[in-house]
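J.: So you can see what is in the structure, the chains are spelled out below.
Number of protein chains: 2
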Amino acid sequence: MATNQEDVKLLGATVSPFVCRVKIALKLKEIEYKYVEQKLGNKSEELIKYNPVYKKVPVFIHNDKPISESLVILEYIDEIWKQNPILPNDSYQRSQARFWSKFIDDKIVGASFKTVFTIDEKEREKHIEEATEALHILENEVKGKYFGGEEINFVDITAVFIAYWIPLVYDITNLKLFSEEKYPKLYNWSQEFLNHPIVKESLPPRVPLVAFFKARYEGFLAASK
Amino acid sequence: MATNQEDVKLLGATVSPFVCRVKIALKLKEIEYKYVEQKLGNKSEELIKYNPVYKKVPVFIHNDKPISESLVILEYIDEIWKQNPILPNDSYQRSQARFWSKFIDDKIVGASFKTVFTIDEKEREKHIEEATEALHILENEVKGKYFGGEEINFVDITAVFIAYWIPLVYDITNLKLFSEEKYPKLYNWSQEFLNHPIVKESLPPRVPLVAFFKARYEGFLAASK
Chain A
14 MATNQEDVKL LGATVSPFVC RVKIALKLKE IEYKYVEQKL GNKSEELIKY NPVYKKVPVF
74 IHNDKPISES LVILEYIDEI WKQNPILPND SYQRSQARFW SKFIDDKIVG ASFKTVFTID
134 EKEREKHIEE ATEALHILEN EVKGKYFGGE EINFVDITAV FIAYWIPLVY DITNLKLFSE
194 EKYPKLYNWS QEFLNHPIVK ESLPPRVPLV AFFKARYEGF LAASK
Chain B
14 MATNQEDVKL LGATVSPFVC RVKIALKLKE IEYKYVEQKL GNKSEELIKY NPVYKKVPVF
74 IHNDKPISES LVILEYIDEI WKQNPILPND SYQRSQARFW SKFIDDKIVG ASFKTVFTID
134 EKEREKHIEE ATEALHILEN EVKGKYFGGE EINFVDITAV FIAYWIPLVY DITNLKLFSE
194 EKYPKLYNWS QEFLNHPIVK ESLPPRVPLV AFFKARYEGF LAASK
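As they're listed, the protein sequences go chains A and B.
Throughout the first sequence, residue numbering follows this note's numbering, covering 14 to 238 in sequence.
Throughout the second sequence, residue numbering follows this note's numbering, covering 14 to 238 in sequence.
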């Protein structure tokens, strides 16, 4: 258990779903930590020092040793602090949790972002199709209350992107990528998940989040003209 | 330890670097297994049954329970069979091994393939630049005999792609993406690694591998005309 608050630090950005994953994990484990918000587009010396390869958030720093990549950070946190496990105990179940988290990152995150940030209409249609197909595959994987069963786990935390960030696509472009009608089980999961007290406290406020992405989208459109 | 050979099965394809990773891990652990070669472009019922999401090799099947994604398989194998560990024992070192393996997959594998299978010359230049930059970053990470120190580990096994598959780019397109002059440390590592007895026994023979990718490349060029 971290007793010295100075030992645990997170370099983050409020708008990032990847940072939010780490926040949820730390709250779940009841780890106190120092949070340092990074300015986007203006890389701090600390960020460059601790994540020289990508210069991106999140960076998790434990006793001055930095770790990047949100899923790698979650694995580390789960190994170091044993309370309220994130990964299942059984090795096969762990492999499946890793598989589905990777699936969300590889097949859903990128395609969903691109349904907003793509100019070419044909290309955009392709990304909509990709994201839709991947969400359908995941829909069939919802079996219990959470992906983790009765408790949230690695896949639930990864999927915060689906529950909270994908609905923003509608606010920005009017495209209903994620809806109750299309994905009833995934939608129910998202409602349960977003109402989990730990998750609720870890989410960035919605209004400024929408404003941030709307501004990004408008900037993107202006630059593409 | 797997005592019954029937319990451990690998669906693979000789030409796949991802399958080769699993083969190296299984040989390192001295696990006996049944290997079933898959015909590319002609998905077997077994492949579709055991990897319905991607329908791709490798699929590792342990007591009828399938796992896909080579790095997920390596983690599983390392958890189930403790002898000759693949991941470091220390959690921070484990996180770094995971980070660099993910780096290889995200930044080197795709870009390297695309230096061959891209028609547009500008696009191709971009992929060459990406792969070159990523290899330079990795060059600075070579510190001991192997990435794992005195023994091969998770990163070395992931990087079999660099040691054995990237040099094929030269055979196919005459582009020297990976050379001793440009990456002396990475090149020395590759020679040590390829001469490791476990690795040596796990690699597919080079001549048919070159022939396979040459034929693919010619097919690709013909289809792009």
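No lab work stands behind these hints: they were computed from the structure.
Be a bit skeptical, because a hint or two may be false.
Intra- or inter-copy, both count: the list cannot distinguish identical chains.
[To be verified] Below, a list of computed lysine-lysine pairs in the BS3-like style, where the Cα atoms sit at most 27 Å apart: (1) K238 to K198; (2) K40 to K135; (3) K68 to K156; (4) K135 to K198; (5) K127 to K139; (6) K227 to K95; (7) K135 to K56; (8) K227 to K22; (9) K158 to K139; (10) K198 to K120; (11) K68 to K195; (12) K22 to K189; (13) K78 to K198; (14) K127 to K198; (15) K139 to K56; (16) K78 to K120; (17) K68 to K22; (18) K95 to K68.
J.: Please go over all the hints and tell whether each is borne out by the structure.
T.: So, going through the hints one by one against the coordinates:
no. : hint         : in the structure
1   : K238 to K198 : neither (40 Å within a copy, 45 Å between copies)
2   : K40 to K135  : neither (42 Å within a copy, 46 Å between copies)
3   : K68 to K156  : between (37 Å within a copy, 22 Å between copies)
4   : K135 to K198 : neither (29 Å within a copy, 44 Å between copies)
5   : K127 to K139 : both (9 Å within a copy, 20 Å between copies)
6   : K227 to K95  : neither (40 Å within a copy, 50 Å between copies)
7   : K135 to K56  : neither (34 Å within a copy, 29 Å between copies)
8   : K227 to K22  : neither (30 Å within a copy, 50 Å between copies)
9   : K158 to K139 : neither (32 Å within a copy, 45 Å between copies)
10  : K198 to K120 : within (19 Å within a copy, 34 Å between copies)
11  : K68 to K195  : between (37 Å within a copy, 24 Å between copies)
12  : K22 to K189  : neither (37 Å within a copy, 42 Å between copies)
13  : K78 to K198  : between (40 Å within a copy, 25 Å between copies)
14  : K127 to K198 : within (24 Å within a copy, 38 Å between copies)
15  : K139 to K56  : between (33 Å within a copy, 24 Å between copies)
16  : K78 to K120  : between (30 Å within a copy, 23 Å between copies)
17  : K68 to K22   : within (16 Å within a copy, 41 Å between copies)
18  : K95 to K68   : neither (29 Å within a copy, 35 Å between copies)
Going down the numbered hints, you'll see the structure goes against 1, 2, 4, 6, 7, 8, 9, 12 and 18, while the others check out.
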